[in-house]
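*Asks:* As they're listed, the protein sequences go chains A and B. Position 11 (the first sequence) corresponds to 11 in the working numbering; numbering is contiguous. Position 86 (the second sequence) corresponds to 86 in the working numbering; numbering is contiguous.
What the hints contain is simulated information worked out from the structure, not anything from laboratory work. Some hints could be false.
[What the hints assert, rightly or not] Think about it this way: if two alpha-carbon atoms lie no more than 27 Å apart in a straight line, the pair counts; the simulated DSSO-like pairs of lysine-lysine are:
(1) B:Lys147 / A:Lys142
(2) B:Lys161 / A:Lys55
(3) B:Lys112 / A:Lys81
(4) B:Lys53 / B:Lys96
(5) A:Lys55 / B:Lys147
(6) B:Lys84 / A:Lys142
(7) B:Lys161 / A:Lys142
(8) B:Lys182 / A:Lys49
(9) B:Lys147 / A:Lys59
(10) B:Lys166 / B:Lys96
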Amino acid sequence: MSKFKKKTEVKQEIPTSSMPDVVFMLLFFFMVTTELRETSIEVKQQVPKATQLRKLMRKGLVANLYIGEPVKSQQFGKEPKIQADDVFIDTKDIIRWVNEQKAKLDEVERDQLTVALKVDRDAKRGLISDVETELRKANARKLLYTTLEDKQDEN
Amino acid sequence: MARSTPDIPNASMADIAFLLLTFFLVTTTMPNNRGLSIALPPPPEATPPEDVKIQERNMFKIQINSSDALLIEGEPREDISTLKDEIKAFVLNKGKDPASSDSPEKAIVSFKTDRGTSHRRFIELLDIIQGAYYDIYAEQAGVTNQKFREAASDLSIPENKAIYEKGREGIPLNISIADPTKVGN
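Given the sequences, and given the hints that come with them, work out the whole structure.
*Replies:* If you want it as structure tokens, here you go:
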């Protein structure tokens with residue numbers, strides 16, 4: 001009977017020898033694209049959506065200001081606040097902050113500093129326009145309202 | 001004599017790699033450097049207040065109050081789906097309609113908010129106004145809106161600069177964002 005013995009041993013394993021390679025590939029992708037955040041954001045950040053976006057090419061020339069309701073509202077209250085780097089700042093400190101940011105840049109590029117305002121969508125215009133007035137005084141007049149892309153209206 | 005080949009156990013390598021992968025997956029934040037770009041006017045002190053007479057016909061007035069309601073050219077408005085086309089028609093009027101602008105150079109879109117206006121509404125309207133201008137520029141340069149914006153983002157490339165200058169020729173981006181009124185806060 002052994003002559004007609006059925007072949008029961010069908011190999012059923014998925015080859016796993018290449019799994020480390022696949023995983024490493026993914027790992028390298030994330031390692032390269034990742035950007036470890038130096039600051040932890042302490043304000044609410046739900047940025048609004050828009051369609052007419054423009055991209056900032058030189059990351060080194062961008063300084064971020066975060067505006068929104070503090071996450072720890074028990075401690076800091078519900079009024080929107082301005083966060084620069086790791087601390088909350090007042091509108092009157094903005095000129096000093098801009099000068100610090102400019103000092104970090106090369107002398108020839110100082111006038112190209114762009115301030116990215118990352119504003120929570122529920123923040124009010126009043127505070128933002130105060131910030132803008134200070135930025136004008138500090139002569140940092142390139143501004144970007146950070147937004148997400150709204151895909152629906154894209155033509 | 002057969003030499004024993006030294007082996008590093010590599011069964012756990014996948015586990016280690018997975019661990020690292022998970023770490024980076026969790027900590028990663030994709031940088032978002034995109035948004036609506038504007039240029040602020042010079043500081044208030046630097047420009048002495050001068051009475052510039054701007055004719056009524058050359059102004060397209062958009063106002064938002066503290067409860068996010070709109071006033072366009074003096075009339076309350078709910079529906080803003082046609083606003084973009086209205087702005088385009090206003091800028092490119094070139095004197096045809098006596099109630100609309102004289103020329104693209106003189107046309108100004110005046111955008112005024114209140115201190116209580118939400119940022120969401122502000123961005124929504126600014127997006128429409130900028131969209132109207134970018135559409136005009138893109139058409140003049142003979143490219144799509146998106147291509148024009150990409151070109152405008154990086155002017156260091158000569159081709160982009162050519163597109164940008166062709167699009168902008170004769171049509172300045174006259175969006176005036178006025179200081180907000182102080183009704184709500």
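*Asks:* Evaluate each hint against the coordinates.
*Replies:* Right, here's what the structure says about each hint:
Proximity of B:Lys147 to A:Lys142 is assessed by CA-CA distance (about 22 Å); at most 27 Å being required, the pair is judged to hold. Annotation: proposed proximity of B:Lys161 to A:Lys55 holds, straight-line Cα distance about 15 Å (limit 27 Å). Note on B:Lys112 and A:Lys81: the hinted pairing holds, with a Cα-Cα distance of about 23 Å set against a maximum of 27 Å. Distance hint between B:Lys53 and B:Lys96 is fulfilled; the C-alpha atoms sit about 21 Å from each other, no more than 27 Å.
As the CA atoms of A:Lys55 and B:Lys147 are separated by approximately 12 Å, the hinted pair is consistent with the 27 Å bound. Our distance criterion of 27 Å between C-alpha atoms is met by B:Lys84 and A:Lys142, whose separation comes to about 24 Å. Straight-line distance between C-alpha atoms of B:Lys161 and A:Lys142 comes to about 19 Å, which keeps the hinted pair within the 27 Å bound. Our distance criterion of 27 Å between C-alpha atoms is met by B:Lys182 and A:Lys49, whose separation comes to about 26 Å.
Among the hinted pairs, B:Lys147 with A:Lys59 is consistent with the structure: their alpha-carbon atoms are about 21 Å apart, no more than 27 Å. Using a Cα cut-off of 27 Å, the hinted pair B:Lys166 and B:Lys96 holds, with the two alpha carbons roughly 24 Å apart.
Checked against the numbered hints given earlier, the structure satisfies every one of them.
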